[in-house]
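Enquirer: Here's the letter readout for the chains.
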Amino acid sequence: MDRLVPELRLPAVLDTAAAPALVQELAALRGGAVCLEAADVTRLGGLCLQALLSARSTWASDGHAFSIKNLSPAMQETLALCGAEVLGT
Amino acid sequence: MAGIRVVFFEECDEHLGELENGLIAIQEGDRDPETINIIFRAVHSIKGGASIFGLEALVGFAHTFENLLTKVRSGEKALDEAVIKTCLKAADVLADLVREANGGAAVEDGKADPLVSTLTALSSGSSAGAEEAEEEDPELAALQFQPVSVSFAELDVAAPKTLAIRFKPGLAMYAKANDAILILQELSRYGEVKAAVNTDALPLLDGLDPREGYLTWHISLLTTQHPSLVREVFEFVENDCELEISEAETIAPIAAPPPPVIEAPPTAPPVSFAPAPAPAPVGPVEAAPVPNQPQTQGSIRVDLDRVDRMIDLVSELVINQSILVQRLAGERFNGQAEVSAALEDLDKLTREIQDSVMAIRAQPVKAVFQRMSRLVREVEAVTRKPVRLVTEGDATEVDRTVIERLSDPLTHMIRNAIDHGIEPPEKRAAAGKPAMGTVKIAAAHRGGRIIIEVSDDGAGINRERVREKAVERGVIGAEDRLTDEETDNLIFAAGFSTADQVSDISGRGVGMDVVRSGVQALGGRITVTSVQGQGSTFTLSLPLTLAVMDGMLVQVGDQGMVVPLTALVESFQVAPGDVTRLGVETTFLHLRGANVPLLDLGAMLGYPRGEDEDGRHVALLVEDDSGQRAALLVNDILGQQQVVIKSLEANYREVPGVAAATILGDGRVALILDVNAILSRRRRVCAEPKAA
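Chains as they are written, first to last, in the working numbering: chain A, 1 to 89; chain B, 1 to 692.
No wet-lab data here; the hints were simulated from the structure.
Warning: the hint list may mix true and false statements.
Claimed, not checked - Calculated pairs, DSBU-like style, for lysine-lysine (alpha carbon to alpha carbon, straight line, at most 30 angstroms):
#, chain 1, residue 1, chain 2, residue 2
1, B, K646, B, K348
2, A, K69, B, K194
3, B, K168, A, K69
With the hints as extra help, turn the sequences into a complete structure.
Expert: Have a look at this one:
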């Protein structure tokens, strides 16, 4: 079952410049469960954070599973700092 | 992004200026906590901006510098001489790093690293660290200053308190390359951050504009810092986000983190989102107004090209206005009261517009004066002569075109003042002077010009030596008798600077004649006065702008020419009996007991002789920058007027004897005379007027 879940590997830098592409890529994955691989993330900015939060609620509203796995230490730290640890759960 | 970067570097210049000023004030004994805050804010702002652009070397150094300043500000580190000296050096290196980041020269290897160690050691607070730091820096070690205790009671380093912050970044904030996460990270340096994110306004993906900010953060910050200082974290973004900072009186650490905003669904969707609660109101705190809210900024940044373009257009307007006045004066409207009144109003209005536009480009000389304090430190270190720089009239404004070109002459004069003027400490002590020398730069407006004085309390000009050198170099003859003033001014003579004067500091192969040329190129004059044993004063007189000038319009041949009013002493009629001819080409005019050379301007500039040449008997007495006088024979004096200067080099080519051009009211081009150049050629072309 897990093998069928599409996976998106997040890039290392998720800053302001990366936000439009991230939103586009996430939107393209709608319609089924998705798992994001976050091992490479070294920098997470505010706009990409909100894109991920929006994706999470979009998937919830669509009734599909949304998860992020292998969070890099940098990403974990950022999520903890800005009160968005929920993304890592 | 490139535009924002330009603004960042412009702001860096301002911050570096504030830093320099603050440190100098502290060096002079200022212990106002606000001064220390200003210094801290300057370094902090540079760091904040640099981090946005990923300028890591700059961020790293500023961070280390900031750490020491944080300790100073909180009173943990005494503000002793070693700390002040280190901070001054750090300010210099910070300025170098900013310059390097802006594409300037790379900072020399090994310049920043020892200073980072010193800064770190000093901020560590351990005496061992400080000792190490001093060992690393022989200059600091040599200081042997006694630490001075400073009371920081008023600095408000009270017990920890909780600040409630509501922060909602918007599109504009992100568009300017600022990021909410970086702000939160910065905030965490001030204390313990507990943040909760509110996603109420966050749309689903299909309605999400990836550039817009939708999230709101509610942050509890446990900190010892005053809210106004915490607010500085938001300095760059305050106008581009929603921000509220309120102070709670809670002394205890935050008991519990705010409730989670998003209830994470551990299992299956749908996910339920709970709105984030507003920060708990604690005590009698009112949400607004926020204390120490900065006032609305009263300035805007405008591209310099736009200002220059406007100045050009206003110059054209001034010219057109005079054309209009002249044409109407010759027409049927002449003498009509209504027309005259309207023209007068137009004239007044045009001048007001011109003054206002010029005022936009006017800047205080402070920007240049600030650079000099670093120069003094550097020269002081090399010469081992302790020197204090005093500035006066920093707020005096002058056109930025003049400001830009002030730096070189000032640099040279200050180098000279310290290297040649100020005596070594032992000589000063022997002369009963304080060991520390003083160099003073003062600026003031006087008679429509800016006067800048560079003075020192050194030994004064050694007139015997100057005279010897001048004779040796052929500047004067061995038998020439000179007044003290004339002797002092010999140092500006071309060729006076000699090889044995060249040193690492002030020599560099150029002399004061180069300074004088630079000042003259600005339409200025330089003079020196000196009292032996008490010091010298160099006085620069410069125009407030290079765009307009007051001149005397004269007729030379069939051409109109403008003689700068600054060079004009008087105008008078020439009586035939006052003229004496010596040799073939030299003519003198006897004027109130003195003989001055009489120059035929038309002949010197190559104008054809007109029919009425023999009837000429009007002359102008002019004086060049070295005080040399001559009378210029002209056909007629047409009147005094303000003219707009148009570069001849830029529009045509350089013409000897002509400084620039202007356009007259009748639309004709008139040349502006270069009095210095004309007088330097005075021996070559002379003429004799004939009686009418």
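Enquirer: Could you run down the list of hints and mark each one as holding or not?
Expert: To see whether the hints hold, each was checked on the structure:
no., hint, in the structure
1, B:K646 <-> B:K348, "22 angstroms, holds"
2, A:K69 <-> B:K194, "24 angstroms, holds"
3, B:K168 <-> A:K69, "28 angstroms, holds"
Hint compliance for this structure: every hint is met.
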